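Participant: Residue numbers (this note's numbering): 179 to 347.
Where hints are given, some of them may not hold.
Distance ranges between label pairs, derived from CB positions [unchecked claim]:
hint: 1; residue 1: 192; residue 2: 299; range: 20 to 28 angstroms
hint: 2; residue 1: 181; residue 2: 336; range: 17 to 25 angstroms
hint: 3; residue 1: 291; residue 2: 336; range: 37 to 45 angstroms
Just so you know, these hints were derived from the structure itself, not from any lab.
Nothing here was measured: the structure is a model prediction, and the numbers come from that model.
Where a beta carbon is used, it is the ideal one built from N, C-alpha and C, also for glycine.
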Amino acid sequence: AGHPVLRFDLPGTGDSLGDWDSAGLLSAWVAAGRLAVDCLRRWSGAGPVSLLGLRLGGLVATLVAQELQCAGQPASGLALVAPVLNGRQHLRELRALSDGSSLLSVAGFSMSEELQQSIAAVAPVQFSRAPAGRVFLGMPVTAKSLSSLEAQWAIDVPVCSVPYPDLAG
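Put together the whole structure using the sequences plus the hints.
Facilitator: As structure tokens, then:
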């Protein structure tokens, strides 16, 4: 449709360099997101950009959108599918689903203690303002915890929330 798109792997994931034991991984993911936005804008001449994130990628996309907003270059849109926005809650869920070992893993990647601490430090209260011009939330039907955040963001910007019945929370 003529819209420039950039899809990339965060450091330590997919085909990118690094691993989940790298120091400052969550910060590196956010920095990579910012760099991706800068590159997309520079290479394509695109002005407004929208960000998309799934699960943990939703957390990263939200943090990138916040940084863009603070820098005076806000994202025009933010699409989050089953996003992780409460780090402690997410880690509790992962622990409940784990095999009981001390290491948590996601899709076969072991999550370092430092990464767990960085994720645990993220809480919905950090996201008091909508981080983009409009927001789309694709949420599991059981995700009641995001409703207050959704209502808070809707004060500032249009928020569209769609339940995904097949998506586990």
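Participant: Now look at each hint and say whether the structure bears it out.
Facilitator: Hints, one by one, checked against the model:
1. Judged by the Cβ atoms, the range 20 to 28 angstroms given for residue 192 and residue 299 holds: they are separated by roughly 25 angstroms.
2. Distance hint check: the CB atoms of residue 181 and residue 336 are about 19 angstroms apart, consistent with the given range 17 to 25 angstroms.
3. Between residue 291 and residue 336 the C-beta distance comes to about 39 angstroms, which sits within the given range of 37 to 45 angstroms.
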